[in-house]
Structure formats: C-alpha cells, structure tokens
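There are 2 protein chains.
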Amino acid sequence: MLTKTPHLFDDATTVTAGDSRWQGRTSDDYWAFVGPFGGATAATILRALVDHPQRAGDPLSLTVNYCAPIAQGAFDLDVRLVKANRSTQHWCVELTQGGGDVATLATAVFAERRPSWSHQPAQFPGASPFEQTLPYAKVAAPWVKQYDFRFVEGEPKFGSMATAAPPNAFSKFWIGDRVPRKIDVLSLVAMSDAFFGRIFHAKRELVPFGTVSLTTYFHADAADLVAEDIAHVLAVADAKIFHTGYGDQNGELWSPSGRLLATTTQIAYFKA
Amino acid sequence: MLTKTPHLFDDATTVTAGDSRWQGRTSDDYWAFVGPFGGATAATILRALVDHPQRAGDPLSLTVNYCAPIAQGAFDLDVRLVKANRSTQHWCVELTQGGGDVATLATAVFAERRPSWSHQPAQFPGASPFEQTLPYAKVAAPWVKQYDFRFVEGEPKFGSMATAAPPNAFSKFWIGDRVPRKIDVLSLVAMSDAFFGRIFHAKRELVPFGTVSLTTYFHADAADLVAEDIAHVLAVADAKIFHTGYGDQNGELWSPSGRLLATTTQIAYFKA
Chain Y
1 MLTKTPHLFD DATTVTAGDS RWQGRTSDDY WAFVGPFGGA TAATILRALV DHPQRAGDPL
61 SLTVNYCAPI AQGAFDLDVR LVKANRSTQH WCVELTQGGG DVATLATAVF AERRPSWSHQ
121 PAQFPGASPF EQTLPYAKVA APWVKQYDFR FVEGEPKFGS MATAAPPNAF SKFWIGDRVP
181 RKIDVLSLVA MSDAFFGRIF HAKRELVPFG TVSLTTYFHA DAADLVAEDI AHVLAVADAK
241 IFHTGYGDQN GELWSPSGRL LATTTQIAYF KA
Chain V
1 MLTKTPHLFD DATTVTAGDS RWQGRTSDDY WAFVGPFGGA TAATILRALV DHPQRAGDPL
61 SLTVNYCAPI AQGAFDLDVR LVKANRSTQH WCVELTQGGG DVATLATAVF AERRPSWSHQ
121 PAQFPGASPF EQTLPYAKVA APWVKQYDFR FVEGEPKFGS MATAAPPNAF SKFWIGDRVP
181 RKIDVLSLVA MSDAFFGRIF HAKRELVPFG TVSLTTYFHA DAADLVAEDI AHVLAVADAK
241 IFHTGYGDQN GELWSPSGRL LATTTQIAYF KA
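Line order of the protein sequences matches chains Y and V. For the first sequence, my numbering begins at 1 and goes up steadily by one. For the second sequence, my numbering begins at 1 and goes up steadily by one.
The following block holds chain Y by itself, in its conformation from the complex (with noise of 0.2 Å):
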C-alpha cells in the first residue's frame, strides 16, 4: 500500500549533508500562502537533526520559533549540537537564506529512550474509521493538498455554511499523506502543524494568521513507528484562549490503535 518511490514529502523536506551547515529549499508542493507550510519547515529541520552523524537517539521534544518569512528557494540551516549527556542532546537550529537574518530558529531534545514504568492516562478520543470517513474537499493552499484530511469532528464551515452555535474551536480527523507514506518522526512533527488555525474554526472566517512557536514532544521512538506500521494517525486539537492578536493550540497525534504518539502546543498570531 505504501509507495516505494521517492515521495514529495521527501523531497519537500531533502537536506544536504554538511557539518555545521546544511542546505534545503522550500518546496512548491507544500507552499503556504505567504511562505512554506510550518509543518515541512519543521520537518526539514528535524531531518537534518535526525541525518547528523554526531545524532544519538530518538527526538523526545522540538521548538521551532517562526521568526520571519522563508522566500521561496535555498536557505541554509546552521546546527550546532549545545550540549551532549550520557542519554541525551541538546540541539539549536539557525534557518537563514543568502546570509541574512535568521527566518527559523528552533531547538530539539533527542534522547536513548530505555524500558520504564507506562502509563497513558489520556484516553484515546475514538473515532469512525479512517476508510469510512469523508475526505476533506475544500483544499486551497498547496500543501493542504499533499494530506488527506478526513474530519470526524469540527470540519472548517465557513461563510453561508457557518452555523449561529457558538464559536468552537475543537477539531478531531484522521490525516495522512494524500500520496500514502509511513508515519515517522518527520510526518509527526509536520502534522502536528498541520491543524487549520483555530482561528479560522472559531471565527468560522479565514483570517490573517501565521505560527509564532510550535513545541511538539514525541511519545514513541522510531523503531515503535516502525512497529506501528501505520499511514495515518487521528489528530485532535483545541484553543484555550484568543487574545489582543494572539491564540493559543493544543492537539494530540494517536496512532489508529489509541496509542499516544505526540502531543504538540503551539502560539499563532491572527488578526481579527
């Protein structure tokens, strides 16, 4: 079932390999409207993370600061690793483009993971399943085209087809690569951006919005993915609070079988 081929999720998020310094570029396949989806950003980041040979363990947690547009083309991503431990690594991540500003700034946690005492007390949110629920067809950014959004719950109604219920911020769907591709570390974290502004449900109007910071922490190493074997996950999101310009996300990543795979936050800037 799952493509062999190079996928564009791949190429959308390639790096080339260097010490200090790596090399990227922005994919049109997953262009935003004003910059490149978060989302690949942070994965294409991660990669170069998870690529280095001075890299030891699994990511446990990632931040990534959007601190100005990314143009379209090459940029660079300077990586340092800050400090290394018995189990774990601190790393910090420059994204700039011709020698300019930094645009991405972002640091990761990756850790060696060993048997403990477990526990999920989150119960997993349930849902009809992935084969039996409807694609999600209004797409209008590139990258919204790349996944294959299938909402359970809070499906975006706008205009004529919002209702007068009071504002709800609350989505749940099942999400994979439109063109499917095995859930790693790299489609977590690009998902965990891959929530529609909560903003944009709450409102119920398409607004101008853009990520500020989007930490997301991983509950499962890549051989447990591997294991999982799966294509897509159920993704659950929420807001807390939209105030003077800024909101705030909350959302949850689960593999099909309810296990809790990353839990991400992030806060977003809109303008209404």
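If you are wondering where the hints come from, they were derived from the structure by calculation, not from laboratory data. As the structure is a computational prediction, the values presented were derived from the model and not from experiment. Do not rely on the hints blindly, as some may be mistaken.
[Stated by the list, open to error] If we take Cβ atoms under 10 Å as the criterion, some of the chain Y residues that face chain V in the derived model are: (1) VAL109; (2) ARG113; (3) TRP117; (4) GLN120; (5) ALA169; (6) ASP221; (7) LEU225; (8) VAL226; (9) ALA239; (10) PHE242; (11) TYR246; (12) ASP248; (13) GLN266; (14) LYS271.
Virtual Cβ for every residue (Gly too), placed ideally from N, Cα, C.
The hints should help you fit chain V onto chain Y, whose structure is shown.
Quick look at chain V alone, frame taken from chain Y:
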C-alpha cells in the same frame, strides 16, 4: 498586603546588566534536590530579557531546555536578539558557568499585543477560595518553602497515605509566594514549573525526576497583570503519558477572577 521590601524571589532571580552577556547566581532559597529550582532559572532568564535595553513588548512564549545541572554559584547568560520584526522579537539565551558547556538553552518571543477579537474557550476550573483552602505542609526541597501551595484536588500522597485508587496525575491548587508578591510574568514562569512532578502523583512516590524542556505561553501582558493585582493563581496540571523514561505535563495558571494568564507544557525525565 504585599511586601514593599525586596522579595526573596527577586533576590533569587537577580541579574546584572550587560549587553549580550549577563550574570546571575543560584539561590540557596530556591534550591531543589540536585540543582536550582527550574522555575527560578527560567524566571532569571526571562528577567534578563525583560530588563534588556533592546527589549520591546511583553513575553509571549518561553521555552527552556535544561541541558545539564547548574552548580551552586555564579552563571553567565549569553543573551542574543536573533530577529526583531515590527511587533515581535525572537531571543536566544545560553546559560553557562565558568566558560563551560551550555547548561540551559532558552528561546523566547516577545510581542507588542494589540486589541483584537477575544474569546476564552477554556473553562475556569473553579475551586474553594484561597483563604478557605489549607496550606500544604509537607515540604521537602528549599524552593517548595518559598511557595504557599493550597491543594484543592490531587494533593500528593505517598507511602502509607497512598490509596489503591488508579494512578491519577491531575492536580488543582492555589499557589502564591510564601511571602506574598504581586503576580508578574516572572512569577508566572516560575510557577509554571512549580507543579510537582506528575510522576510523583501518578506513582505516589518520589522517584528521580527532572524537567527536560519547559514551554510557557503568556496570555496576559504586564499591564494586564498590574491591573489584576493578585498574589496567587489557581493552577491545574495533568499528564497524558509516561513512557520509556519520559512523561509530559500540561498546565494552566488562572487569576482568581477566572482569567487564563498562562498555559504551560513540559517533558520530563523520570526513573521508575
């Protein structure tokens, strides 16, 4: 009611001005088991940014990665304004001691907030009033003595006090400085790391534990906090998963009047 004299918290988080390099030192009053209370470290870093001559706007987000233990004594803060836009600033701070490796790596976003559509979907958790809630008496580490914890729900119970009920990591409590101090962004960030380790609650025992990465979003600016004029907040926290040595925490800090002031999440190491 509030003290007019310098507060221990302000002593503990003092920084001396530099341009890109600032100095601070650990406080015995805010010591934890094997290093300073992470919330005091985060607040010290935030203070260097708030006090920085180039700073514009209020804190919007702060991520602190705890890379290595901080020893008792002096430390340096390398403070860098990575990118400034019309209404936002992106900062990076590295904490070192004696010219050694980075012990703490932080990124922050400051923003000038503007009037906008406002909506708070999150529900105020509600609680018995602060004055009618019993202080938590079982204090272990020095830093805990600096706070007045008043548990409404999920007071930690260890050993013979533990029940056979299923593991529960949820807590709700009032928290203020032991010597009352007006809530500002510095105390909010410290309090966002003042939740006891979720693993202590879930396992009902003290086990080796350490915050690895902490992210806090601020939903009120300095002027809002001055207007609130409060000395304690209602804090709630829970965990979603404990797995292969790491567990998450997500929390909220509320004004007594029901305003969401900050949201916070962290990933922490544990041994159990």
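Hints, one by one, checked against the model:
1. With 10 Å as the threshold, the beta carbon of VAL109(Y) comes within range of chain V, its nearest partner Cβ sitting at about 6 Å, so the hint holds.
2. Hint status for ARG113(Y): holds, given a least beta-carbon distance of 4 Å to chain V, under 10 Å.
3. The restraint placing TRP117(Y) at the interface with chain V holds, with a minimum CB-CB distance near 4 Å, inside the 10 Å limit.
4. For GLN120(Y), the interface hint holds, since its Cβ comes within 10 Å of a Cβ in chain V; the closest pair sits about 5 Å apart.
5. Given the 10 Å rule on beta carbons, the hint for ALA169(Y) holds: about 6 Å separates it from the nearest Cβ of chain V.
6. Using the Cβ-Cβ criterion of 10 Å, the hint placing ASP221(Y) at the interface with chain V is satisfied: the shortest such distance is roughly 7 Å.
7. Hint on LEU225(Y) is violated. Least Cβ distance to chain V is approximately 13 Å, over the 10 Å limit.
8. Of the supplied interface hints, the one on VAL226(Y) is violated, with its beta-carbon coming no nearer than about 15 Å to a beta-carbon of chain V, more than 10 Å.
9. Checking ALA239(Y) against chain V by beta carbon gives a least distance of about 6 Å; that is within 10 Å, so the hint holds.
10. About 5 Å separates the beta-carbon of PHE242(Y) from the nearest beta-carbon of chain V, less than 10 Å, and the hint is met.
11. At its closest, the beta carbon of TYR246(Y) sits 6 Å from a beta carbon of chain V; the interface hint therefore holds under the 10 Å criterion.
12. At about 6 Å, the closest approach between the beta carbon of ASP248(Y) and any beta carbon in chain V falls short of 10 Å, and the interface hint on this residue holds.
13. Of the supplied interface hints, the one on GLN266(Y) holds, with its beta-carbon coming within about 9 Å of a beta-carbon of chain V, less than 10 Å.
14. The interface hint given for LYS271(Y) is met, as the beta carbon of that residue sits about 7 Å from the closest beta carbon of chain V, less than 10 Å.
The earlier numbered hints that this structure contradicts are 7, 8.
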